[in-house]
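Dock chain B against chain A, hints included.
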Amino acid sequence: MAAGQAAVQALNLATPPLDDRSKHLRRLAVRALEGGERGHVGSSMSLVEIMRVLYDDILRYRPAEPKWRDRDRMILSKGHGCIALYVMLAEKGFFPLEELDSFCRRDSILGGHPEAGKVPGVEASTGALGHGLSVGVGMALAARMQKRDSRVIVVMGDGEINEGSVWEAAMCAGKHKLSNLTAVIDYNKIQSAGPTREIQDLEPLIDKWRAFNFATIDVDGHDVAALREAFQQLPLAQDRPSAIICHTVKGKGIAFAENDANWHHKSKIANDVVAKLYAALE
Amino acid sequence: MRQTCLNMVYELAKRDERAVFIGSDLSPGLLTNMQKEMPERWYMEGITEANVIGMAAGMAMEGHVPYVNTIATFITRRCYEQVAVDLCLHNLPVRLIGNGGGLVYAPLGPTHLAIEDIAIMRALPNMTVTAVCDAKEMVRLMNCTLDWPGPIYIRLAKGGDPVVSREELGFAIGKAITMRRARTRRAIVLMATGVMTTNCLKAAELLAKDGIDVSVVHFHTIKPLDEEAVLEFARDAELVATVEEGVKIGGFGSAVADVMIEQLSTSMPPLLRLGLPDEFPHNYGLQDDLLDIYGLMPGQIAAQIAKHAKKKARVA
Chain A
99 MAAGQAAVQA LNLATPPLDD RSKHLRRLAV RALEGGERGH VGSSMSLVEI MRVLYDDILR
159 YRPAEPKWRD RDRMILSKGH GCIALYVMLA EKGFFPLEEL DSFCRRDSIL GGHPEAGKVP
219 GVEASTGALG HGLSVGVGMA LAARMQKRDS RVIVVMGDGE INEGSVWEAA MCAGKHKLSN
279 LTAVIDYNKI QSAGPTREIQ DLEPLIDKWR AFNFATIDVD GHDVAALREA FQQLPLAQDR
339 PSAIICHTVK GKGIAFAEND ANWHHKSKIA NDVVAKLYAA LE
Chain B
229 MRQTCLNMVY ELAKRDERAV FIGSDLSPGL LTNMQKEMPE RWYMEGITEA NVIGMAAGMA
289 MEGHVPYVNT IATFITRRCY EQVAVDLCLH NLPVRLIGNG GGLVYAPLGP THLAIEDIAI
349 MRALPNMTVT AVCDAKEMVR LMNCTLDWPG PIYIRLAKGG DPVVSREELG FAIGKAITMR
409 RARTRRAIVL MATGVMTTNC LKAAELLAKD GIDVSVVHFH TIKPLDEEAV LEFARDAELV
469 ATVEEGVKIG GFGSAVADVM IEQLSTSMPP LLRLGLPDEF PHNYGLQDDL LDIYGLMPGQ
529 IAAQIAKHAK KKARVA
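Chains as they are written, first to last, in my numbering: chain A, 99 to 380; chain B, 229 to 544.
Bound-form chain A, shown alone:
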């Protein structure tokens, strides 16, 4: 185990090996990291399959009409994982793939955290943690008031849900029985400072969401078929919001970065590191 690599609880997940599409999406993520010479590597890599399944199979949207009234809303509340979102939005044609090369550059639309109004397909500007679920509650209530069947999906990080505001929002969603709202947790078990178990233990996590009146399941967050099956079940209950806890691996797909808090964010990513990142994905 490399220095800084944290011991992560055994999950006994029989995750299938990454297929070509998952590797392709990760190579696009590396393209953005190369363009910006920086980025949240670990936090983006753990999200790739969640974003892939949402945009390939689940969400309703029109890339040429990002504000289409009846679209589903996806808020990436853990805004620092934005590279995984940018990759999917570019892939689906919300903006040209070449934009990825400009990541974090002076005049780019793609910043280190996503901004609504700047990036087509980004619903809300996030980055400060613990905001997305409340915004999602408001959107879900608005859909109800406007009699739209749009669904609202809020993707949060595990470190992020340390924030008290998340639990205020969870109480509120439960109270309003927002079956059109889904909380997704990218549970990679490592936050910036180290293992979530040591920094701010979240367990028993599934019980917490249940206690806040969410219908809850957990799933292997890198198993595409399992994720598809989980999201296709939405809503998990007709009278409650849903929570899907995705067990993931920080830095997934880059063997030397997996489960290593040091790869949460990297700056000054030089060419040799870029080469290693690409090599890891062969």
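Take these hints with a grain of salt, some might be off.
[Unchecked claim] In silico DSBU-like links for lysine-lysine, alpha-carbon gap of 30 angstroms or less:
hint, chain 1, residue 1, chain 2, residue 2
1, A, Lys-216, B, Lys-242
2, A, Lys-275, B, Lys-242
3, B, Lys-242, A, Lys-245
These aren't lab readings, by the way, just hints derived from the structure by calculation.
Just chain B, lined up with the frame of chain A:
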């Protein structure tokens, strides 16, 4: 003023289906008419300020105009990041109605006093900051809120405040109102916001009895500040005095000072800023007790102005 403001939320909601009310944990029976007639647009969400602001942002992103109401200090300090990021960064039409701006909650102590609300709200890009002087003016302000594009902070006074505003003087967000115009050319000008305008009008009457003629300009909108009005009155003034029920650091007087320094430079008249010092008030009593401690009652304002006028006379 508070009752009028909330009644207006109900009236606006009847007029426009975009309007939504969100309270935190307010008095029982609040806006029951709205709750009964349009339950899908009436929310009471408990003591969850951060959530309530985010929720209002989500609704506003979908075309609604949410009116959020709780105690001023909690709707500003407690959820400051949500106000900054969810509302101001997205420039959303959410209205924050803060009960008990300034020293209204004097008997409840420093946790409930909103002394820096104006300063911290005006520091946020896109935020509009308002403090009207009475219930009649509140109606005029509320009528402008459905279609104002960005977020608005609406500072409420105690309630039952004397009505000094006059309909014939008009009302537009960002436009100051001349409540009293001195006859002399080089006059003393009192610029005030919120109910301090009322105290300034009383101070002006006291000063008139002493033969000191002053103008009183009411700034119900602190941001965007009516810079033209500041300059129009400051240019020829013998003295500009700003009066506010809030800390002087970054408050209304600071905003006026910024304009005067930048625009008038060396021809700037003397500036006297009356407001709260850099401290948490530690007395109780009533709002007027604290105003008295900080020299913001009409007689005290008049005395400070008279002192300046007399000093000037001696020099002459």
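Consistency of the hints with the structure:
1. Lys-216(A) x Lys-242(B): violated, 35 angstroms
2. Lys-275(A) x Lys-242(B): Cα-Cα ~26 angstroms, so holds.
3. Lys-242(B) x Lys-245(A): Between Lys-242(B) and Lys-245(A) the Cα gap is close to 19 angstroms, so the pair holds against 30 angstroms.
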